[in-house]
Every structure is written in C-alpha cells, then in structure tokens.
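Student: Line by line, the protein sequences give chains U, P, Z, B, Y and H. Residue 313 in UniProt numbering is what sits at position 313 of the first sequence, and the numbering runs on without skipping anything. Residue 176 in UniProt numbering is what sits at position 176 of the second sequence, and the numbering runs on without skipping anything. Residue 265 in UniProt numbering is what sits at position 265 of the third sequence, and the numbering runs on without skipping anything. Residue 27 in UniProt numbering is what sits at position 27 of the fourth sequence, and the numbering runs on without skipping anything. Residue 225 in UniProt numbering is what sits at position 225 of the fifth sequence, and the numbering runs on without skipping anything. Residue 279 in UniProt numbering is what sits at position 279 of the sixth sequence, and the numbering runs on without skipping anything.
A few of these clues could be false.
Copies of the same chain look alike in the list, so a pair counts if it fits in one copy or across any two.
[What the hints assert, rightly or not] Simulated pairs of lysine to any residue, SDA-like, Cα-Cα distance not exceeding 25 angstroms:
1. 246 to 181
2. 288 to 25
3. 258 to 325
4. 21 to 82
5. 225 to 104
6. 142 to 101
7. 174 to 113
8. 174 to 236
9. 21 to 47
10. 318 to 81
11. 246 to 223
12. 142 to 208
13. 142 to 334
Honestly, the hints are just simulated from the structure, not real lab data.
Number of protein chains: 6
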Amino acid sequence: MNQIITFGEVLMRISPSGNKKFIQSNQVEFYFGGTELNVGISVSNFGADVKHISCVSNDFIGDTAISFLRKFDVSTSAIVRSNRPLGVYFLEVGAVMRPSSISYNRSHSSFSEIQPEMVDWEKSLKKGKWFHWTGITPALCKGGYETLKEGLILAQKKGMGISADPTYRSGLWKWGGIPKEILSELVNYSTVFIGGVNEINELLDTNFSYSNEDFIEASKQLMEKYPTIEKVFDKIRTSINSSWHKIRARMWNGKEFKETQDLDITHIVDRIGTGDAFAAGIIHGLQKFDDFKTMEFGSAACAIKHTYLGDINYANEKEVMSILEGNTTGRLQR
Amino acid sequence: MNQIITFGEVLMRISPSGNKKFIQSNQVEFYFGGTELNVGISVSNFGADVKHISCVSNDFIGDTAISFLRKFDVSTSAIVRSNRPLGVYFLEVGAVMRPSSISYNRSHSSFSEIQPEMVDWEKSLKKGKWFHWTGITPALCKGGYETLKEGLILAQKKGMGISADPTYRSGLWKWGGIPKEILSELVNYSTVFIGGVNEINELLDTNFSYSNEDFIEASKQLMEKYPTIEKVFDKIRTSINSSWHKIRARMWNGKEFKETQDLDITHIVDRIGTGDAFAAGIIHGLQKFDDFKTMEFGSAACAIKHTYLGDINYANEKEVMSILEGNTTGRLQR
Amino acid sequence: MNQIITFGEVLMRISPSGNKKFIQSNQVEFYFGGTELNVGISVSNFGADVKHISCVSNDFIGDTAISFLRKFDVSTSAIVRSNRPLGVYFLEVGAVMRPSSISYNRSHSSFSEIQPEMVDWEKSLKKGKWFHWTGITPALCKGGYETLKEGLILAQKKGMGISADPTYRSGLWKWGGIPKEILSELVNYSTVFIGGVNEINELLDTNFSYSNEDFIEASKQLMEKYPTIEKVFDKIRTSINSSWHKIRARMWNGKEFKETQDLDITHIVDRIGTGDAFAAGIIHGLQKFDDFKTMEFGSAACAIKHTYLGDINYANEKEVMSILEGNTTGRLQR
Amino acid sequence: MNQIITFGEVLMRISPSGNKKFIQSNQVEFYFGGTELNVGISVSNFGADVKHISCVSNDFIGDTAISFLRKFDVSTSAIVRSNRPLGVYFLEVGAVMRPSSISYNRSHSSFSEIQPEMVDWEKSLKKGKWFHWTGITPALCKGGYETLKEGLILAQKKGMGISADPTYRSGLWKWGGIPKEILSELVNYSTVFIGGVNEINELLDTNFSYSNEDFIEASKQLMEKYPTIEKVFDKIRTSINSSWHKIRARMWNGKEFKETQDLDITHIVDRIGTGDAFAAGIIHGLQKFDDFKTMEFGSAACAIKHTYLGDINYANEKEVMSILEGNTTGRLQR
Amino acid sequence: MNQIITFGEVLMRISPSGNKKFIQSNQVEFYFGGTELNVGISVSNFGADVKHISCVSNDFIGDTAISFLRKFDVSTSAIVRSNRPLGVYFLEVGAVMRPSSISYNRSHSSFSEIQPEMVDWEKSLKKGKWFHWTGITPALCKGGYETLKEGLILAQKKGMGISADPTYRSGLWKWGGIPKEILSELVNYSTVFIGGVNEINELLDTNFSYSNEDFIEASKQLMEKYPTIEKVFDKIRTSINSSWHKIRARMWNGKEFKETQDLDITHIVDRIGTGDAFAAGIIHGLQKFDDFKTMEFGSAACAIKHTYLGDINYANEKEVMSILEGNTTGRLQR
Amino acid sequence: MNQIITFGEVLMRISPSGNKKFIQSNQVEFYFGGTELNVGISVSNFGADVKHISCVSNDFIGDTAISFLRKFDVSTSAIVRSNRPLGVYFLEVGAVMRPSSISYNRSHSSFSEIQPEMVDWEKSLKKGKWFHWTGITPALCKGGYETLKEGLILAQKKGMGISADPTYRSGLWKWGGIPKEILSELVNYSTVFIGGVNEINELLDTNFSYSNEDFIEASKQLMEKYPTIEKVFDKIRTSINSSWHKIRARMWNGKEFKETQDLDITHIVDRIGTGDAFAAGIIHGLQKFDDFKTMEFGSAACAIKHTYLGDINYANEKEVMSILEGNTTGRLQR
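Required output: the full structure, derived from the provided sequences and hints.
Tutor: Structure (structure tokens):
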C-alpha cells in the first residue's frame, strides 16, 4: 500500500544537441517524457515504488519507451499498446533572449486511443497510496478524461492521496470538452493542489495577483470551493532570460503560509520538466516530511532539475536534500 | 516546358546510426524522404528542372523539410502548409539475415490534409514536361487521390509524359478507397509503367511468374488494357541477405524486350529509396536516351543508390553514366 | 516457478565506434555485458521471466549497470553492491584479417568481492525453473566459485534444470583454484551441457577432433562421467576472417544426433556475445521446443546476434523463429 | 525590383564542438559563412528575395556550399566556379577570458580568382533594389576590388540603395591596393554607412572617441566628405569576457541621433557573424521601417545572433520583432 | 640541466559529454589526467622540457596513454609497464548547484605496482632542474611512497628545486602509511610549498583561518618546521556554484606577502585540473620570473584552465601572459 | 645511425563519417596524412626510430599536426613553420561501385614554401640509416624538388639506403618541372624501387604489361638504366569494387623473382594509405629480413592497413607478422 500512481501520455522528445536548430544538423537526440511520467520517474528516483499507466505504440518505439521507464524502476505492468504511433515532440533549445520552441505530434498518438475499459483500475491501484494527475490528460482526448475520472473515483474510494496539477493549456483542448468544467470536476477528487494563482484564477474566475497576500486568499477560496483540497503548493519562477532563472516556492496548508528563498539558477541546462520535478518533490515530501520541509524539498528538486538534460529529474533524495540543507556551491564529490 | 513534376508526401526519416536499434542509443539522425520526393530530388541531381508539390507542417520541422528540398534545387514554390505535423518514419537498419524495420507515423500528417483546392495545378504544371506519380499517394487519403487525379487530368490534357509506379501497399489504404479500382483509374492517364509482374498481376488479376516470358506477356496484356501505356520498365532484385543484393533491369516497349546484367551490390549502405532511384533513372533517361540506354541508366542509378545513406540518390548523371559504361571497380577519384 | 536464473559478473564494455582504435579517437561508447548476463537478457528478450544475480559497484556506474538490466526487464532484486569499482573491458573491433582485441580491468572489481553470504539463494531461487552458469564465474575468484556452488546445490535440490557452459579461459584463473577439478565438480550439478569437443577434452583429458563422430563419442563419454547431463549442444564457427563467419549447431541428446546447415554471416556487426546468444537460444528452446528445434533456435539466435552492436542479443522470439523458418534474405519489415 | 544583392567570398568554417581545441578531438563540424553571405542569408531569413554573387570551387565542397545557400532560399544563379579550392577558416571557440581564435586558408581560394568579366552585373542586378558590400572583398584580391567596383557603379546608376560596411582588416590587404584609398572610393557609391567611429577615423584620419557626441560629429564629417551617405548605423559591444557581452546600437540620419538600451547577452553561444546580423537587420529595416525602428531591429538581430551556432542568423522577422518589443525573458514557445 | 620532472599515476578519465550522466547516454569521451601529469603537460605547454615518470598498463590503453603524453612533447622514456590495467576515473559534470561527481577505479591499477627498483632515478634525473610531487602519490601505495622518496633524496642531493603540493585526500590512504608522518617527511625535501592553510593545518596540527594574516603566520610556522621551504604559494577559490567561480592567489616568500585580484570565471567549462594548472604556473614562473609575477602567472594559468575540457591546461605561455597583462575580455584572435 | 628519414607534405584530411557525403552531414572527422608521413609513422609503429621533415603552418592547425606525429613517436625536431596554411584534402568515401573522391587544397600550402635553406640536412641526417622519398614531393613545388635533391645527395654520400616510390601523378605537376626528367634524376640516387610496371613504363618509355614476365624484364631494364637500384618491390591490387580488394606482392632483386598469394580484403575500412603501408613494410623489412620475407611483410602490412580508418597503418610489427604467418581469420585477442 505504498505505491505512487501516475497516469498520462508518454512522449518521445527529439532535439538537436546544444542550442542547435533542426535546420542546422541532422544529428538529434531523443529522450522520453510527459508531465505525469516525469513526476513518476522522479519520485521513483527518490526511492518510491511507482507505477505509470499509459498507452504506447505497438512497435519498436513503444518498446523503447517502456524500456526507458524500466530503467528507472517504474512499473510498466499496466501499460497497454495501440497500433497508433507514439506521440512525439520536437524541441529547439533557446538561449538568452531566444526562447526554446516545441512542436507537437501527438493529436493521433497511441495515447489518444486510451479508453476506460483499457485500464483495470482495481488491479492497477491495488498497492496504491498516492495518485497524481495533471490537466494535460483530460485535455488530450475524451478517453483520457474518462479514464482518468474512473481512476480518481476509485482512488478517492480507497482513501488515497490525490495531487492535482491542473495546468490549463488551451492549445490542447480539441475534443470538445469544456476545460473549466472538466478540470473543476477532477479537482473535486483531489487532496493536494500543486499550482498557483494562474490555475486558481482559471478555476474560480478570479483575478488574483502574484502577491503572497493574494496567493493566500486565492488558496482559501479554492479550498472553500473544493473542500477535499487540504494544501496548496506553488512555485514562482523569475526568468532573467532563457538561460538564467530563479526559483522559489510557497505554500498554504489551511493554517500557515510559508515561502522559500530564491534559488539562483545561473546556467540552465534544460528547463523542460522542472515544474514536474517540483510536483514530484512535493509528492515525495508529503509521504515523509512536514509541509514546510515538503515545500523546501519541492523547491530544491525543481532547481536541480534545471541542471539535467531531458525531461527527467535524475536527482535522488540525498542529492535534493543536500541542496535543501544549503549546499549550493557545487563542491566536487569524489 | 521542361520541368519534371512530382507530387507526394514528405516524410522525416529518423534512425540510429549504423545497425543500432532505438533501444541501444539515444543518438539518431534524420533525413527527409518519400517515394515521389526521392524521385524528384534524384532527377534534379541528374540536372533536370524539378518541382515537388506537397503539404508540409507549419512549424520548424516543415521549414527544415522545405530547406532540405531547396538544397537539391528542387522548386518548393507549390508546397502548401498545414497545422498538422509532418509525417515521420522510424527506421532500424538490419544486417545480414536481420531485416531492416520501419514504423510509420503518417496517418494524420500534414499531407493527409491535402485537398484538390490547395494545389493550383494550372500554375504548377505551367512549365511541366513530365509528371510522376506512385501508388502511395492515393493510398494515403481521399484528398491525396483526388488531388493527384486532378493533376493527372491536366497533365494528360497538356500532353505531358506520365510515369506510373503503382506500388500497392495494402497497409496504407485506410480511407475507404478500393485500391484496384483507383490504381486502375490512375494508370489510365499514364504513358510509362515503372513496375513488374507483381504490380501487373495486381491490376489484371493475373498470376504471371518472374520469368522473362511472363514479363513480356504481362506487359502486353497491360498495354492492351491501358492503351496509353507505351513502355514497361522493371527492376529485379536478388537478395542474398540484408547486406548483399544484386540488381538488374528489363523492359518491354511494345516492340522489343531487353534486360541488363546483374549489378552485384556486395556491401549495401542503405537500400531505402533504391526503387525510387530506378524510377528517377528511367524518367531522366526517357528525356535523353533511347529505351535500352534508359533501362541501363535506371539500373545503374538503382545500384549506386545502395551506396548512399538516406532515401536520396546523390549521384549525378556523370556518376551513373560511368557505372553504365562499366566502371564498377570504384577507382579512387582525385 | 518459471524464472530463469543467471549469476555472474556485470562488465562495462568501452570501445570506439566502428573499427577505430583508442589511439584514434577519444569518443567511445559503452554497453554492459558479461557472459551470464548476456544469456539472461537474451532469454528475457525471448519473453521469459529472468533474474540476474551479481555484485556491482556502489556508485553511479553501478547504478547505470543496474538500470541497463532493468531496461530488458531482468530482475535486479538480488544484486548486491560493493565499494569496489565495476569491472571494465576495453574493446577494439577488428576487420577482415585484423582481430578484435580486448583488455580487461576486472581482477579487483566489485564482483571479485562476492561471498556466499551475500546471496540469499533460498529467496533468489524461489520462483526458479532454470539455472545457467559458465566457467567464467568460478575462474574469477574463490567467492565466485563458492557462491555459485551454493546456488547449484540448491537449484539441484529444487529440481531445477541446470545448463553449464564450462568455458575454460586459462588467463582468468588467478585465485588458486584448480580449473579442471572445480569445473568438473560444477558440471556434476548440471543437466544440459552447452559446449563442444574443446570443453569436453578439457574435462575428460581426451583428444577428440571436431568431426561429428568424435562429437558423438565425446558426448557419450561426458554423459557417462557426469550422469546428470542429459543433452549436449554445440555450435561450430567457421571464420573466413574477422568480418565473415559461418555458424552451425549440432546436438546429442543421448539418443539422437542432429546438426543444422551453416548460416552465412557475410557482414558481421559484432561477434562478442554470440556464444551467449547460442546458450540463451538453447535455454529458451528447452522450455518450449523439442531438442531439434531447440538446436535450430540456438543456432539462429547465435547467427542474428552477429548483427547487433554490443554484447546483447536484441532479437525477440519471433525474430529468431523467422530465421529458423528460412527467412534469411532480410526482407524489409514495414 | 525588390532583390537584395550581396557579393563576397563563401568560406567553409571548421571547428570542434563546444570549447574544444583541434588538438583535443578529431571530430569537427563545418558550416559556411563569410561576412556578405551572412548578411544575405539573414536578410533572406527575414523574408526578402536575396541573391548572393561569388566564385566557389568546382568540386563537391563547392557543391555543398551552393547547396547551403539554397537551403536559405538565396539565389545562387550568379555564382561562378573555379578550379581553386574554397576558402576555409578554422575556429577554436574560447570561453570566459580565453579568446576565440581563427586561422584562415583563403589567400588562394576560388574567390581569389574572381575577375570583373566573370560577373554579368547587368543580369545580376536586373531585379536589384539594394546592394550590400563590405571592406573584406576589396581587401582579398584585386579582382575582388574591381568586380565590386563595377557592381557598385551599375547599382548606383540604377538608383539602388547601397550599404557599406567598410571594415578595415589590415591582415587581409596583401595584393598591393592601398586600403584607405580604395575603401574611400567605394564608400563614395554608398547611401548607408554601417560602422562606427573606428571605421570613420580610418577613412577621415580623425581620432574620434566612442562618446555619443563624437559619434555624431564623426557622422557629420563623414557625410560631408561622402555626400551620398544619408545615414550612419553603429553598434556598440561591451565585452565582459568571451562568454558575456552587451550590445546596443546608435544612429545618426543627418537630422537625429538615437540609441538603444543595452541588450545583455549573458551566455553567448557564438559571436561570429553578429556584426553581419546587425547589418542584415539594418538593411531589412530600411526596406520597411523608419530609421529608429530600423536601428532597434538591427540591435535585436545582432543580439539574437549570439544564440545561434555558426555564422548565420537563423532568426526570422517575427522572432527579432519579438525581442524588439521587449520579450527578452525567453518564454518557452509551444 | 633544465628538465622538469613529474612522477605520478596516469589515469584515464571517462565522462559523458556536457552535463549528462552515464545513465543518460552511452556516448562518452575519454582524456588522460592525473595531478602530476597535469602539471607536467602544462609546464611542457609553457615551453619547458618535461619528463613524466609513471607505470602504465601493458595493453592498447597504456599505449594510448603514452601517446597522449607524447602529443604534448613530454618525455615518456622513463615510463614502465605493468600487466595491471591503467587506473580509470569516471566523471559526471555538474552544473549550478549540482556538484560534479567522480568515481575512481585505481586501487589495483598499473601504477599501484610501482616499486623503487622500477625507476632508474640516476638516469631519470640526469637533466633534471626541478622536481614536482603531490600528496596523491604516497597515498596510493607503499611503492609509490618509497619510489617518490628515493627520487626526492636524489633530487635534493643534486640541488634541484622541489615543489610540494601535499594535498591530503583521506579516501586514498589505504595501504597503512600514516599520512601526516609521510607527508611531513616528504615536505622536508621540498623548497617550494604549493598549498594553503588547509594543508599547513594538516601538517602542523594548527587551526589557521583563511585570512591573509593567518596565511602569513601559517607560512612562517611552516618554514620554521621545514627549513628547506623558501616560498609558499596559495590559490583561493570562491565558488558561487558549480558553473561560476572566482580565483585569486597569494604568496609568502619569507619576506613579503602579496595577493592578486579575483579573476571572475563566469562560465566554467571544466574545473578538474585547475589546481594543477596553478602549480604548473608557479613552477614555470619560478624558472623565469620574480615571485610576484610567478604568483600572478599561476593565478592566470589556473583561471584559463577552467575554459578547457579535460584535465589539461592547453594554454601556452603567451596566452597566460596575456591574461596576466589584463586582457580578460576575450577579444577574438584572427 | 639507425634512423629512418621521411620528407614530405603533411596534409589534414577531412571527411564525413562512414560513406556520407559533405552535403549530407556537417559532422566531419579529421586525421593527418601525406604519403611520406604515412610511411614514416608506420615504420615508427613497427618500432623504428623515425624523423619526418616538413614545413607546416604556424597556427593551431600546424601545432595539431605536429602533435599528431609526436603521438606516434616520430621526431618532429626538423619540422619548420610557415605563415601559409597547412594543406588540406577533403575525402568522400565510396562503397561498392561508387568510387571514393578526393579534393585537394594544397597548391599554396605551408609546404609549398619549402626551400633548401630551410632544412639543415647535415643535422637532420646525422643519425640517418635510410631515406624514403616519393614522386609527390618534387611534383608539388620547385622548392620541394630542390630540397629533396639536396637531401638525397647527402644521403647517398653518407651511404644511406634510399627507397624511391616515384609515383607520377600528373595533376600535381604545376610548377614547370618536367616530371620524367626530374623523377629520373632522383631515381638515380635510390637503392630500392617501390613500384611496378606503370612507374617503370613512365620512366623508361616502355609498354610492359602486368604479367610476371614483363615485370621481371621491366625490372631488369630499370636496373640497367639506374644502376644504384638493387631491388624492385611491387604490389598488385585487384579491385572487385570500392569495398573489396585483393592484394599480392612480387619482387625482383636482380637474381630472383618471387610473389605472394593474394590476401583477400573482403570488407575494406579505408584504402587510403595502403600503398604507403606497403612501402613502410618493405623499408622495415629491409632492415631486418631477407628479401622474400620483406616482400611478404610489405604485402601483409598493406593488407592490414585496409582495416584502419585514416591514412595511417596502426599495426605494429607483431600484428603484421601474425598475418604473414597465416593468421588471417581474425581470432579474437583477449
């Protein structure tokens, strides 16, 4: 009864090395990612037992995707296969004032065929302690929404913790579902909200600013509307440019507000998946630490992810903890 | 009035280097290809004025695809853009008894949105002398079939030469069209048939063998049913294994049969696109040579393509001619 | 009760790409291998449940080795860690008349610390159906010999099938054990002998030739001395040069002799691990096929391994079966 | 009548990846560049119709160079071929206090054979609206100077805009021409001066400082001496070290002075060609914008070039405009 | 009589490119290094005649190591060979708050077999002017200590200068020697101490702080205890994070104290070997410059090393001198 | 008095990996080569003391070239520097019937500045035992011819052995010298002729065929005209195609004729420099073996060179000897 469950699309990420564009070089690298998968692998790297549920292509690319998850000891036993191709995204990594740029090929991917009857939730959640979902899955296809909803119903019934990262990405909602209604419905099953004033404004039709005062008030109103929500964890990113960010976190747990100092990320290696690293840090922290330390752990996890290439946070618990404890000067480990 | 026109999907081809599998390395290379495109670029490399018509994605991948065609001086002025992603195929290159393996991601690609009204055929064929089509385009989508048909009608009206490579690949026909009927309809516009007994058997419901006698008889029956067809060019591949093939060609032009000797390809670099290289050699030959030399040029072009990585035949006319003239020992050029 | 168990050292293999030497390029690739591991992963790729038992370094290299095994769904739950470094081997791949060359760094590796008390054999063999061992493990260190012996005793007690590949590599025996005595002792626990006249001559102090007659007689004498041995499987390699081999197999199961045709491997990609691929094919075959088909499956598995870079046979059961069924011309799979 | 014309040498640029030296790795990358070419390609990337005139080698390297220009849709119809090799430059990229270092192999390159009779200026400038030249071309060889001069005479006669980047690089002037006289002669044909007080001091034998006051006074004196010059655009680079620069621009158009804010380039990817990117931005701006916006566009173009590997500015008009509009935090584009 | 002698282990360094981890990519690069070797090569790059004495493996890896030294014109005539493998270290390069991480495989390396009788010191020091040793060599093995001691005795007898870098790395001392005693014994032969308060505190059992006052006092006490020591050179590293350091140097020569300004290394390429680059700068400086310039040269050498990948400082004397003279803005060299 | 002396141009060789063309990939590799250099390095690899004399560029490319020679322990003490760039050649490697193709950039290289006064022959030949020259050096420039001639005069005076490889490559002779006269003059200093009927026909204006009878007769006439020539060594290449050659050797030493069997090189890695490997084998053999074994050693050296990438033969004496002894099946070396 200690398994963390994630459910969502597995994407193949393809990009040239360094800051090159596709037009510059026909040598590219691939990794796998996907917001829920990134969270699952990161939590597994922290030492947890994790199962990722998805639908991948029935070809050598799907085999490779599954093998990628296994590398990180994530259970793939509930992954189903489809004759459609795996979703792909192409990435050109920017620098300084040049933004990174992503182009998706996912609208008819293997995951888009997911249907509730393809996932045996009873079996999949048998050892489940925690369930994490994001706003990407219901956005992708009706089957994604319906399958997720079934999973959440059962998870709630079993008393599992449920974390929601209800990111709203308007470009994805093409199947006809009304984002606000659906996200609102799904937040209703959740116990922890990983998001900030943008996401709350979206759900509550409010207009809160980024100030701490507004964050606290927004969190209070959120908890009022969604009484299952017990805690809100938010991270704040200050972008100097594509290559230099600062990260801090804040939280409201219904009783107390707290925030961390900025972590200064002077030389970003890869910022994709850093939000997922924050979520993973929060989920892992909630199983072991108090709320304040959880927030700090999430913030440190988010920060260190910026130093790894690919969507995945490769840091283990000890490495994140070391940053949390103030070891940020990068002293060589022999 | 000397432009060669090709029309068809542009695919991004992604594969690991050498004989690696995707599970072995996250370093991959990409090229662009697609059967009609391969023909177009090869004919351009032989020195012809070529225009390729297609629909590619409206993102940096589509930009890169267009730039790839431009590299070879192929006109891209009639290429349209779509919000869907470019088609992709993943390739694992085999060796010896291990086959190469391909997985496609093309069923909802940018090209699948092609519609007759997106191509201004009058303008596109203004300088047209020759039109080449294959059985892949009508297989992909209804719009592909209808757009191609409009092009063929106009090309015929303008008296252009039309070469047909009516390859029937059953796995592609998913939109409801009946392959035999449609291919038959399109062959009716064509003046040169690039294919062999397999393709003829498919069209005529016959059962001819690979013997030269059967090839001649099959060609005769083909020309009877499709009286616009003047010539049939066929290549015969003998596979020792994935790494070692032999290639020869034969032809029937209504009056005479002729065949070439085998060209022995002892160390294949890449066999994808070698059939397209044959077609390109035939089309180019028909503009300049007699039928026999055309057949020989096609055969030599097909053979040398096996020595280039990627879908494209990089050989120019002089290089193919040199092989045709018997220079097959690969003497170092300084 | 259907798990295949392998036990042995995990080595990191480092080599330049293609046929380069270390002095030519500072770009190298690494894979993991080791004779028993290669067998385990290959059998897992055929679809079996496999557990590999070993001792790897307690650093990021050991982490990477474990993650390599997980990629192939091999259970790593019984792998222990040591503060010594993982064994390494450096490889320069030859061509034509130039031999490949290997240099080992394994004599004080993490595996050299293995001790019987580090492996919980009861737990490790709980689901065990088959145990595979080779002559490399007892050669490496006394602890390797003793630990292996404990495992064999238990495996025999549980009635598991036991395959022996008693390769004798004289350069490895540095810890003081007497090779012939120890190998002989361990063969006594085994039910299937994977080896040929060289290995039998070593054990019986005989001098059999490579002829089929001698192979049969040698096998008979072997079974007489080691009555637990029920079957002998041998592969025969004919080397034209470093780049071109032929492979066939033969067997004696106490009643019948049979041999396969040569498989002609005209363009070798990597010959390391091909003997292990043969052993894996035999082990897998013995679970599902009759002895003759098992021999053929082993032979085909060995042959196709020559087309994969690295120590591992990436072929699945269907791919090997296809070769066994005569599909050796490498027809492109779409 | 809207074509931008550039004329100058095409160089092959060869360098190790990252900050490596040639002594460290035998893996290198090549791109093509050359100051006028860089301007031409950049303006083409902004959407203009561009023709580049040059003389390249008559081998596969020259073919590759031409194909590189075609990739960016730059017309190569007026490029001539020579039996001499293409010019090459080798680059080692520095970091922090280590300077980048360039070694040229261009003194007997294909371009050094350029002669006035090799360029049909009438035909080449038929659609010409703008001509851009730099001080590199007349420095390289007498034929370069004479050919350029013929082009400028015709461009002036046709009333084309002419931009001069009269960079004086003393190491290049080996053919006997007197730099100041020749540059002065050529500036006399020009309508826009892209350069600063260094270049003006060189031409006027003055000693102006970098202050804005001096820049204005220098510009005034320049316009007095060369009355065809209507506008002066200058960029100012502040180098913290090899990896960190700041860029701003200023202008005097005969009536008004204006300057931009510094753009802070905290993590330089490649600084080669950033001056050319500025010139391209100015030329493009002059066709569409007022002088102030032109200056800002040039400054933003120069800044973003620092984020692309190679000599070329890959940014399109929209991407530069976005920076000009203040979007410098590099927000991820999906 | 002008040869600089270094003695110590040659290690093969293996690491993924950029900031990748071994688990992310099987493409890795190797270089050779080792603290004394790094000093030797750097001094050779400054123009000195250098001989490195070591024991390397008798295989193609050892051949490659020797060839690496020869590249830099370091004499390898006194290098002996062993049947043990060359020592290896694996490196994962961190960024920002993520530390770099090293795992060694050296405890039973070829160097660990070094014995006094394997080095002919008389012959090796024949042309010797300077001897450099570090605290790593006596830590590795008893033979390392004894061999070094013999060399120092002879060097002292011959009146050679002797620089000591008595780094104490506790993890290495496994052979039973008592670090403080042995280091103390060896410092007794030395004339220049390259180290700071940490090293002095270790030797004197003191507790000096990093302040300049303490540094001076510590140096005085050091010289009192070890009267052969004439000068102490120290460098001070301020780490903002893994990617951003500041370096300055200070010295006490028995009469005067002096320190340099900080050199700001805003974008570190590789910090391994930067301490060795400092030592090499000091040793080289002492042959040519006064003490103050020597200190400045060491500091500049240390700083520029941060911009080279690998353990080696590739800068020549002129390049270091240029930084010393204040050229730190990295102006492009053509 | 045992040094082998080579004198000639050092070229940088640049080519894409595998069989790619420059138009396909901007990733290329470089090596250094040059016919005399190739001979020198190969002889050094066989264990001899070798000095190479040349003139290389005074930049980081020249530094890298020198460091390349040092890697192989070839003395570079007599190499001079020039302000011209190092010669370069670009290579596209063919396969099967596609020839490899080379484009040179050497006509104004650093070596083209060589003048007799730049080489101190007295000092350079001080330890000289053998001098090797080829027909490339006098072809390149007058200074090359004159400098070589001075060297040959002194070498003859000192009684050194002199091997001539008087390859006549017509494309190179651009400086006005008359090839036949000059080559004839230089052969007059030589004691061993490494070449076949082609080279003899060129010198004698004869028309001998490839038959052994003609080879013997040609050799006799050669020795008659050039009485210093004592032995003629020839290798015969049979090209099946670019990827598959056969090599054998033959000799006439004034008394006896002998020839080797064909060595079958079924999978060529790189054929550049294989003639130089033959020459190196002959030169090395002449110092140690009888004429027949020398011929066999040359043939085996030539054959194994086909398995190494780059111009250089990396094989040592033992490796060549093993082939000579019939070990051509490439048995794995552990």
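Student: Now tell me, hint by hint, if it's right for this structure.
Tutor: Quick rundown of the hints versus the structure:
1. 246 to 181: neither (33 angstroms within a copy, 48 angstroms between copies)
2. 288 to 25: neither (46 angstroms within a copy, 32 angstroms between copies)
3. 258 to 325: The answer is within: 17 angstroms in one copy meets 25 angstroms, while 36 angstroms across copies does not.
4. 21 to 82: Answer is between: at 21 angstroms across copies they meet the 25 angstroms cutoff, but 31 angstroms inside does not.
5. 225 to 104: Result: close neither inside a copy nor across copies, 34 angstroms intra and 46 angstroms inter.
6. 142 to 101: neither (27 angstroms within a copy, 33 angstroms between copies)
7. 174 to 113: For residue 174 and residue 113, both the intra-copy (14 angstroms) and inter-copy (17 angstroms) Cα distances are at most 25 angstroms.
8. 174 to 236: neither (29 angstroms within a copy, 48 angstroms between copies)
9. 21 to 47: between (36 angstroms within a copy, 18 angstroms between copies)
10. 318 to 81: between (35 angstroms within a copy, 18 angstroms between copies)
11. 246 to 223: Classified as neither: same-chain Cα gap 28 angstroms, cross-chain 47 angstroms, threshold 25 angstroms.
12. 142 to 208: Intra 31 angstroms, inter 50 angstroms, cutoff 25 angstroms: neither.
13. 142 to 334: Classified as between: cross-chain Cα gap 22 angstroms, same-chain 51 angstroms, threshold 25 angstroms.
Consistency note: the structure conflicts with the earlier hints numbered 1, 2, 5, 6, 8, 11, 12.
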